[in-house]
Amino acid sequence: MNIPSLDSLGRWFRGTSVYRSIVRHGVAETSRNRSLIVFENLFLHVHPVKVREKALRFKHTYWLGGITMVCVIVLVASGVPLMFYYHPSVPQAYQDMKELKYVVDNGVFLRNLHRWGAHLMVFGAFLHMLRVFYHGAYQPPRQFNWVVGVVLLVLTLFLSYTGYLLPWDQLAFWGVSVGTNMAREAPVIGDKLRFFLLGGNAVSENALLRFYVLHCVLLPVVLFLFLGVHIWRIRKDGGVKGPSEEAPDAFHEEEP
Amino acid sequence: MSALPPLTAVESNDPVETPRRVALLRPDLRPSVRRSSEKFVMAYPHLIIREVILFQIVVIFLAILALVFNAPLEGIANPVETPNPAKAPWYFLGLQELLHYYPPIVAGVLIPGLVVVALAVIPYARINLSAGPLWEGKDEKRTTQILAVAASALVLFFAGFQCWAAAVPTAAVAGAMYLARGGSTGGTWRQAMARLSLPQWIMTWFVILAAALTIIGTFFRGPGWSFIWPWTHMVQS
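In the order they appear, the protein sequences are chains A and B.
The letter at position 205 of the first sequence is residue 205 when you use our numbering, and the numbering goes up by one with no holes.
To get our numbering, take the position in the second sequence, counting from 1, and add 1000.
Derived by calculation from the structure, the hints in this document are not laboratory data.
Be aware that a few hints might be false.
What the hints assert, rightly or not - For lysine to aspartate or glutamate, the following EDC-like pairs were computed, each having C-alpha atoms within a straight-line distance of at most 20 Å: (1) A:K98 to B:E1038; (2) A:K50 to B:E1051; (3) A:K54 to B:E1074; (4) B:K1087 to A:E185; (5) B:K1087 to B:E1074; (6) A:K192 to A:D169; (7) A:K54 to A:E40; (8) A:K98 to A:E205; (9) A:K54 to B:E1038; (10) A:K236 to A:E40; (11) A:K59 to B:E1051; (12) B:K1087 to A:E53; (13) A:K98 to A:E185; (14) A:K59 to B:E1074; (15) A:K54 to A:D169; (16) A:K101 to A:E53; (17) A:K236 to B:E1074; (18) A:K101 to B:E1038; (19) B:K1039 to A:E185; (20) B:K1039 to A:D169; (21) A:K50 to B:D1139; (22) A:K50 to A:D169.
What the hints assert, rightly or not - Residues of chain B placed beyond 10 Å of chain A at every Cβ, according to the derived structure: (23) H1046; (24) A1086; (25) V1116.
Unchecked claim - Part of the chain B face toward chain A, derived, beta carbon under 10 Å: (26) R1142; (27) W1164; (28) V1168; (29) A1212.
As the structure is a prediction and not an experimental result, all values here were calculated from the model.
Each residue gets a CB set at the ideal place from its N, CA and C atoms; glycine is no exception.
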């Protein structure tokens, strides 16, 4: 019996009319097809077809933005399964933590992954900001993308902070109490702002529900909007910029 | 409301009548269309494969962390039993440490607000776009005077509130800024320092301060926000 090789199977599959109806281009053997792979694909077409060779070097970006982006993916992938086992109510929220530990298959792993992923995202976003600053990559024409990045950093902190309350243990409750007490000190609107955030005068069941909705719906949606702009703008602004001494950018903004 | 201008049909395949490819480019505004002698490579596979590898490395790293270290979980939230000390998440502990020295409106509202605004306006401040190395081509005496006045004011501001965690690093950074003078002929470190511009010095100062306050708030604070050594806590628990 003639057993077909994996390679020939792959070739046969890529030649079928069903496959060709989904992916129109052929095998990545020519530069033309390699271009088509990038710009005929919804998910890849944020990339340019060609990139500067320098931009791929490790010391150009240290891949810090990429690390942060991977964290976002890991957090969505681990956060959605966690939502299946979670009720944003008191005391069920805390009971659900115990369920994750003792009942749910790999529940502890899921929660750990989400927790450490969140820490890495905060840390990665901060380091990414420093990298961009010291490389002078905020300079024209990238000013606006820097501001979008600052918004993303603040959103990251809010996301992490709203998630911090959800386990409803002592750590969560008092961590959020300490932080929201600071919000109260804002002049004029402080008390109202705190009431609005917590749905009451203290961290309570209402606050848990609000933080849950913020953490799982509102803030992720806003984050993805800004992320979309951020990544799109990298390309529109001429690609990632590395250390300035290595690529003398003769760009000077002048009034028209 | 005035009448709208009449609609004119421009649908046509005649390239003379309806030119499809009109490009008016100001070469300074769109860097992506500027000519370049740089070497380019295809995004597929060169960039995509690196992204996939990066994804795998980060996922494996996080999976190992998640297998080895458990996320903390304490007893159920109890509003009448305040832990001592009650700490915010680590990325806010620098602010909580400041709260120990300054009134809440300063530590909780003014400073974080100023930091976010200062970060957001970085690319719009002229100094961040044009500044060269701090000591290069400037009146050294005048720069020294300004540096001395600014550094003393900041150190006094921190020291006045006994915030040594901020005062000492501030004094150290100011000292390093002064030592960077004429450092272009020195060793590797002094040369690196001599290359820093004023905005870079300010960011470095901010990062050192934030790191010092965060580390102290995280590891060196015990009951009543008193100073403890990190190992004291470990021995107790």
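Hints, one by one, checked against the model:
Annotation: proposed proximity of K98 of chain A to E1038 of chain B is violated, straight-line Cα distance about 57 Å (limit 20 Å). Note on K50 of chain A and E1051 of chain B: the hinted pairing holds, with a Cα-Cα distance of about 15 Å set against a maximum of 20 Å. With a C-alpha separation of about 48 Å, the suggested pair K54 of chain A and E1074 of chain B falls outside the 20 Å cut-off, and the hint is violated. Our distance criterion of 20 Å between C-alpha atoms is met by K1087 of chain B and E185 of chain A, whose separation comes to about 18 Å.
A threshold of 20 Å between alpha carbons decides the hint, and for K1087 of chain B with E1074 of chain B the separation of about 13 Å falls inside it, so the pair holds. Of the supplied pair hints, the one linking K192 of chain A and D169 of chain A is violated, its CA atoms being roughly 26 Å apart against a limit of 20 Å. Taking the CA atoms of K54 of chain A and E40 of chain A, the gap is near 25 Å; set against the 20 Å cutoff, the hint is violated. With a C-alpha separation of about 19 Å, the suggested pair K98 of chain A and E205 of chain A falls inside the 20 Å cut-off, and the hint holds.
Taking the CA atoms of K54 of chain A and E1038 of chain B, the gap is near 9 Å; set against the 20 Å cutoff, the hint holds. At roughly 18 Å between alpha-carbon atoms, K236 of chain A and E40 of chain A fall within 20 Å of each other, so this suggested pair holds. For the given pair, K59 of chain A sits about 15 Å from E1051 of chain B by alpha-carbon distance, which is consistent with the 20 Å threshold. Restraint check for K1087 of chain B and E53 of chain A: the C-alpha separation of about 46 Å exceeds 20 Å, so the hint is violated.
Restraint check for K98 of chain A and E185 of chain A: not satisfied, since their Cα atoms lie roughly 36 Å apart, outside the 20 Å limit. Of the supplied pair hints, the one linking K59 of chain A and E1074 of chain B is violated, its CA atoms being roughly 41 Å apart against a limit of 20 Å. Between K54 of chain A and D169 of chain A the CA atoms are separated by roughly 48 Å; this puts the pair beyond 20 Å, and the hint is violated. For the suggested pair K101 of chain A and E53 of chain A, the alpha carbons sit about 47 Å apart, so the restraint of at most 20 Å is broken.
For the hint pairing K236 of chain A with E1074 of chain B, the CA-to-CA distance comes to about 47 Å; that exceeds 20 Å, so the pair is violated. Among the hinted pairs, K101 of chain A with E1038 of chain B is inconsistent with the structure: their alpha-carbon atoms are about 54 Å apart, more than 20 Å. With a C-alpha separation of about 54 Å, the suggested pair K1039 of chain B and E185 of chain A falls outside the 20 Å cut-off, and the hint is violated. Of the supplied pair hints, the one linking K1039 of chain B and D169 of chain A is violated, its CA atoms being roughly 55 Å apart against a limit of 20 Å.
At most 20 Å may separate the alpha-carbon atoms for a hinted pair to count; K50 of chain A and D1139 of chain B exceed this at roughly 46 Å. The hinted pair formed by K50 of chain A and D169 of chain A fails the criterion: a straight-line CA distance of about 50 Å is larger than 20 Å. In this structure H1046 of chain B is not separated from chain A by more than 10 Å, as the shortest Cβ-Cβ distance comes to only about 6 Å. Annotated as non-interface, A1086 of chain B brings its C-beta within 10 Å of a C-beta of chain A; the closest such distance is 4 Å.
Chain A draws V1116 of chain B into its interface by the beta-carbon criterion, the shortest separation being 6 Å against a cut-off of 10 Å. Given the 10 Å rule on beta carbons, the hint for R1142 of chain B is violated: about 25 Å separates it from the nearest Cβ of chain A. Hint status for W1164 of chain B: violated, given a least beta-carbon distance of 22 Å to chain A, over 10 Å. For V1168 of chain B, the shortest C-beta to C-beta distance to chain A is roughly 22 Å, which exceeds 10 Å, and the interface hint is violated.
Because the beta carbon of A1212 of chain B sits about 15 Å from the nearest beta carbon in chain A, more than 10 Å, this interface hint is broken.
The structure fails to meet hints 1, 3, 6, 7, 12, 13, 14, 15, 16, 17, 18, 19, 20, 21, 22, 23, 24, 25, 26, 27, 28 and 29 from the earlier list, while all remaining hints are met.
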